[in-house]
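Participant: Protein chains in written order, with this note's numbering: chain L, 401 to 512; chain S, 89 to 201.
Below, in silico cross-link-like pairs of lysine-lysine (BS3-like), each with a Cα-Cα straight-line distance of 30 Å or less: (1) S/Lys129 to L/Lys508; (2) L/Lys479 to L/Lys508; (3) S/Lys129 to L/Lys479; (4) S/Lys151 to S/Lys129; (5) L/Lys458 to S/Lys117; (6) L/Lys512 to L/Lys479; (7) L/Lys458 to L/Lys512; (8) L/Lys458 to L/Lys479; (9) S/Lys151 to S/Lys162; (10) L/Lys458 to L/Lys508; (11) L/Lys512 to S/Lys129; (12) S/Lys162 to S/Lys117; (13) S/Lys129 to L/Lys458; (14) S/Lys117 to S/Lys151.
Just the calculated beta-carbon pair ranges, DEER-fashion: (15) L/Thr431 to S/Thr114: 22 to 28 Å; (16) S/Ser111 to L/Asp433: 30 to 36 Å; (17) S/Leu196 to L/Ser428: 32 to 38 Å.
Covered stretches of chain L (in silico footprint by chain S; criterion: 3 or more residues with CB under 8 Å from a CB of chain S, positions within the stretch not fixed): (18) 444 to 454; (19) 500 to 507.
Simulated from the structure, these hints should not be mistaken for laboratory data. All C-beta atoms in this analysis are idealised placements derived from N, C-alpha and C, irrespective of residue type, glycine included.
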Amino acid sequence: DAVLTQSPLSLPVTLGQSASISCRSSQSLITSDGNTLLAWFHQRPGQSPRRLIDLVSKGDSGVPDRFSGSGSGTDFTLKISRVEAEDVGLYYCMQYTHWPHTFGQGTKLEIK
Amino acid sequence: QLVGSGGGLVQPGESLRLSCAGSGFTFNKYWMNWVRQAPGKGLEWVANINPDATTRRFVDSVKGRFTVSRDNAKNSLYLQMNRLTVEDTAVYYCLAWGDGAYWGQGMLVTVSS
Numbered sequence: 401d402a403v404l405t406q407s408p409l410s411l412p413v414t415l416g417q418s419a420s421i422s423c424r425s426s427q428s429l430i431t432s433d434g435n436t437l438l439a440w441f442h443q444r445p446g447q448s449p450r451r452l453i454d455l456v457s458k459g460d461s462g463v464p465d466r467f468s469g470s471g472s473g474t475d476f477t478l479k480i481s482r483v484e485a486e487d488v489g490l491y492y493c494m495q496y497t498h499w500p501h502t503f504g505q506g507t508k509l510e511i512k
Numbered sequence: 089q090l091v092g093s094g095g096g097l098v099q100p101g102e103s104l105r106l107s108c109a110g111s112g113f114t115f116n117k118y119w120m121n122w123v124r125q126a127p128g129k130g131l132e133w134v135a136n137i138n139p140d141a142t143t144r145r146f147v148d149s150v151k152g153r154f155t156v157s158r159d160n161a162k163n164s165l166y167l168q169m170n171r172l173t174v175e176d177t178a179v180y181y182c183l184a185w186g187d188g189a190y191w192g193q194g195m196l197v198t199v200s201s
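With the rest of the complex left out, here is chain L:
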């Protein structure tokens, strides 16, 4: 299985500051046709997850442009600019290049 390792696992951030989460895969996530199937999700306590980013850097409809994704191969980053109170919760990376699809362990963002 492709193991995704996120860091940090806990991320205290001051309101208005930026935050970055790293996601590293044990295998390349590049498919045979050149796509990279890596997505990011946000989950607030007691709620279903919400996809923020697909295909490494493509923001989902309705997602603020404060959220951006980057990376390639095995190394990926989610950046949140100007953190707001509503951004608290868990963030997960997920790969669907390989079966089974797998998630990172989750990074808990909290406000300092």
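Use these hints to put chain S onto chain L, whose structure you have.
Facilitator: Just chain S, lined up with the frame of chain L:
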């Protein structure tokens, strides 16, 4: 967008069927998935099925016990779970994956004697 039903408390070895009804998107164009989250744990992909139901995949821990099906005429997705164990205790989400990603509200399945 996705409304699930069917969760509950069962004993080890028993069966349970989860359902998920979609609306507001073109159901028959989407891969449909089941993802679960054990109490206090992260997310685990359980199974998926392609738009025309010709491909179904399962994580190793549920192979041979769980089946996934869909009825595109009813915009519905199902997960039949047999021979349940305590390790299957989790909140189960249905997830439609395509241009958008739509999640159900989560259904708690508790397997306990």
